[in-house]
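The primary structure of each chain is shown beneath.
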Amino acid sequence: MFINFFQELKQANIPVTLREYLTLIEALSADIPQRKVEDFYYLSRSTLVKDEKNLDKFDRVFGNVFKGLENIEELETAEIPEEWLQLLNEKYLTEEEKKQIESMGGWEKLMEELKKRLEEQEKRHEGGSKWIGTAGTSPYGAEGYNPEGVRIGQKNNRNFKAVKVWDKREFKNLDDDIEIGIRNIKLALRRLRKFAREGAADTLDLPGTIKNTADKGYLDISLVPERRNKVKVLLFFDIGGSMDPHVKLCEELFSAARTEFKNMENFYFHNCLYEYVWKDNRRRHAERLNTWDILHKYSSDYKIIFVGDASMSPYEITYSGGSVEHWNEEPGGLWLERISDIYSNVIWLNPVEEKHWEFTPSTQIINQILSGRMFPLTLDGIDNAMRELSMKK
Amino acid sequence: MKFEGTKDYIATEDLRIAVNASISLERPLLVKGEPGTGKTVLAEEIARALDMPILTWHIKSTTKAQQGLYEYDAITRLRDSQLGDEKVKDVKNYIKKGKLWEAFESEKRPILLIDEIDKADIEFPNDLLQELDRMEFYVYETGETIAAEKRPVVIITSNNEKELPDAFLRRCFFHYISFPDNDTMQKIVDVHYPDIKSKLVSESLKVFYELREIPGLKKKPSTSELLDWLKLLMNEDITPEMLREKNSNNIIPPLHGALLKNEQDVHLFERLAFLARREDNQN
Numbered sequence: 001m002f003i004n005f006f007q008e009l010k011q012a013n014i015p016v017t018l019r020e021y022l023t024l025i026e027a028l029s030a031d032i033p034q035r036k037v038e039d040f041y042y043l044s045r046s047t048l049v050k051d052e053k054n055l056d057k058f059d060r061v062f063g064n065v066f067k068g069l070e071n072i073e074e075l076e077t078a079e080i081p082e083e084w085l086q087l088l089n090e091k092y093l094t095e096e097e098k099k100q101i102e103s104m105g106g107w108e109k110l111m112e113e114l115k116k117r118l119e120e121q122e123k124r125h126e127g128g129s130k131w132i133g134t135a136g137t138s139p140y141g142a143e144g145y146n147p148e149g150v151r152i153g154q155k156n157n158r159n160f161k162a163v164k165v166w167d168k169r170e171f172k173n174l175d176d177d178i179e180i181g182i183r184n185i186k187l188a189l190r191r192l193r194k195f196a197r198e199g200a201a202d203t204l205d206l207p208g209t210i211k212n213t214a215d216k217g218y219l220d221i222s223l224v225p226e227r228r229n230k231v232k233v234l235l236f237f238d239i240g241g242s243m244d245p246h247v248k249l250c251e252e253l254f255s256a257a258r259t260e261f262k263n264m265e266n267f268y269f270h271n272c273l274y275e276y277v278w279k280d281n282r283r284r285h286a287e288r289l290n291t292w293d294i295l296h297k298y299s300s301d302y303k304i305i306f307v308g309d310a311s312m313s314p315y316e317i318t319y320s321g322g323s324v325e326h327w328n329e330e331p332g333g334l335w336l337e338r339i340s341d342i343y344s345n346v347i348w349l350n351p352v353e354e355k356h357w358e359f360t361p362s363t364q365i366i367n368q369i370l371s372g373r374m375f376p377l378t379l380d381g382i383d384n385a386m387r388e389l390s391m392k393k
Numbered sequence: 001m002k003f004e005g006t007k008d009y010i011a012t013e014d015l016r017i018a019v020n021a022s023i024s025l026e027r028p029l030l031v032k033g034e035p036g037t038g039k040t041v042l043a044e045e046i047a048r049a050l051d052m053p054i055l056t057w058h059i060k061s062t063t064k065a066q067q068g069l070y071e072y073d074a075i076t077r078l079r080d081s082q083l084g085d086e087k088v089k090d091v092k093n094y095i096k097k098g099k100l101w102e103a104f105e106s107e108k109r110p111i112l113l114i115d116e117i118d119k120a121d122i123e124f125p126n127d128l129l130q131e132l133d134r135m136e137f138y139v140y141e142t143g144e145t146i147a148a149e150k151r152p153v154v155i156i157t158s159n160n161e162k163e164l165p166d167a168f169l170r171r172c173f174f175h176y177i178s179f180p181d182n183d184t185m186q187k188i189v190d191v192h193y194p195d196i197k198s199k200l201v202s203e204s205l206k207v208f209y210e211l212r213e214i215p216g217l218k219k220k221p222s223t224s225e226l227l228d229w230l231k232l233l234m235n236e237d238i239t240p241e242m243l244r245e246k247n248s249n250n251i252i253p254p255l256h257g258a259l260l261k262n263e264q265d266v267h268l269f270e271r272l273a274f275l276a277r278r279e280d281n282q283n
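The listed protein sequences derive, respectively, from chains A and B.
Numbering of the first sequence is given in the working numbering, commencing with residue 1 and proceeding in unit increments.
Numbering of the second sequence is given in the working numbering, commencing with residue 1 and proceeding in unit increments.
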């Protein structure tokens, strides 16, 4: 019956399945919608869409497939409430002026004219600006009223035109792939969990106890260590300069990572990794850490995450002395290679949109050094990055 | 059996359709939405409107699907066996019924609320697939099959902390409670505080929506926060004029603690209000 509709939904990448379609048919045959288009819309939405981010897509497809349907029944016609116009009148017209109208053909006639005008305007402005200025074309003008013109707020007038519910597209802002927040990031980071029982045996192992007791014939309690997330992470943040616009996003990532990974160390660098990093950005020149020390200190099962826009001059990566801040003995690219030699799980998160990467040579160079393990700092990107990190090599 | 909202709960048209569809087709209804838009209350109100008993299963991060069916208390049995208790011979004495079992046994068709399903482990919904689909499960310890006499109406709420598996979603009806618009909000307030002065309501609604419009708030105030705030305003006898007046000593609305629950948000709001006033003064 609605196969076409179903196919269109599929094409719009809404994950609908046959089972859901059959449920819709079942609901229809159970007479749940009371033969109203709105009811059918609500019912099909509730059966076929299971994620609020798809609601807007659904609204668009529905509007497309059932275009013209709304004409079958005239739900509401354009009408302007009488009292509302009356109100205008009282507000703007003096007694004298009112008398003048009477003499020029009467209130009724004038109002009818105004109504017509307003309707015409509404049609022309459909979906356009919020305000209807009646200044130029107002019949008042000819009559000599209200020289400044009346501004009529369409927003407050709900009876103006029936907007179909699906045309309202209320869920527009929910369909957003880059909507990102601490909680969402945490969820994405959660992919990188590695539970293991390590350390002191301090929780009761119930199945073990029962088994041992049954085997031995007396109560034999056995204990196991608690399950903990064992993943270890080193986080390197690019700070300052071109990273400033991305500070909020990085803060969110940092705060999410802080709570999600118990074994996490973070370091700062500028533009590219060189022989020094620092832990406290305010004291970056006083308390520098030798990168070699870090590579020696943290064992190779640490996962490395770089966060940076990778936008710099290519010399900063490929040449000694290329750094903008200091004289570097060895090129930054060499340091990145060292890192990826020691640690098998290295990724780079880039807050710059992926489509701009190809225009920055430095981004391409770094991506090459890390053999393509650069991911955009979006939910999807983090998700993929965590998948990459959790792979055993 | 038809749900039309109650005198204490304003149900929008789309919500009513979704609820009625799930009642008559006997499929679970998954309700999502911003915190504080009345997801949990919905189940209680349906129960009240249709006069059905309600069973609530609150999910925590440690909840296992099995706990909803039944639990076998091995430890007590072990202890009893050492004491030589007679009870030990019958395994049934050590089986504790879960919420699903209780719902299946109910004589009247009940409502089963599975609250905040996203709190549990990621596999949790999958473990309940068969049970919710067929409304029956098998008890290994005693070898009996528990089947529902009357299929309960299942309402599931989620705060979107975890994605739910597709197989699970396919079996549900879905409704997203969107944030109420001004009219609906007015109705909701009327239902909760019928004797509140209408001027106070419209002023406070204005303040409330202005607050929600502020970009960058960590937690936008929601319906339940608005209701709390109104209650406070009424208690403190705040007049509509006091809400409207904006002088330099009171930049932010009175009793804002009920609306903004995060000190960063309060700071942000103060800063914005301060900037706005400076612009006003300059003009």
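No wet-lab data here; the hints were simulated from the structure.
Every residue, glycine too, gets a C-beta built ideally from N, C-alpha and C.
A few of these clues could be false.
[Said to hold, decoys possible] Derived EDC-like pairs (lysine to aspartate or glutamate); straight-line CA-CA distance at most 20 Å: (1) Lys211(A) to Glu161(B); (2) Lys97(B) to Glu107(B); (3) Lys162(B) to Glu252(A); (4) Lys355(A) to Glu325(A); (5) Lys216(A) to Glu263(B); (6) Lys119(B) to Glu260(A); (7) Lys53(A) to Glu161(B).
[To be verified] Taking CB as the label site, the calculated pair distances span: (8) Phe359(A) to Leu272(B): 50 to 60 Å; (9) Phe359(A) to Thr56(B): 51 to 61 Å; (10) Glu210(B) to Val324(A): 37 to 47 Å.
Results for each hint:
A threshold of 20 Å between alpha carbons decides the hint, and for Lys211(A) with Glu161(B) the separation of about 37 Å lies outside it, so the pair is violated. Restraint check for Lys97(B) and Glu107(B): the C-alpha separation of about 16 Å stays at or below 20 Å, so the hint holds. Proposed proximity of Lys162(B) and Glu252(A) is supported: the alpha carbons are some 18 Å apart, at most 20 Å. For the suggested pair Lys355(A) and Glu325(A), the alpha carbons sit about 29 Å apart, so the restraint of at most 20 Å is broken.
The straight-line distance between the Cα atoms of Lys216(A) and Glu263(B) is roughly 59 Å, outside the 20 Å bound, and the hint therefore fails. Of the pairs offered as hints, the one joining Lys119(B) and Glu260(A) holds, with about 16 Å between alpha carbons and a cut-off of 20 Å not exceeded. Among the hinted pairs, Lys53(A) with Glu161(B) is consistent with the structure: their alpha-carbon atoms are about 14 Å apart, no more than 20 Å. Between Phe359(A) and Leu272(B) the CB atoms are about 36 Å apart, so this pair departs from the stated range of 50 to 60 Å.
At about 56 Å, the beta-carbon gap between Phe359(A) and Thr56(B) stays in the expected band of 51 to 61 Å. A hinted range of 37 to 47 Å holds for the C-beta pair Glu210(B) and Val324(A), which are about 45 Å apart.
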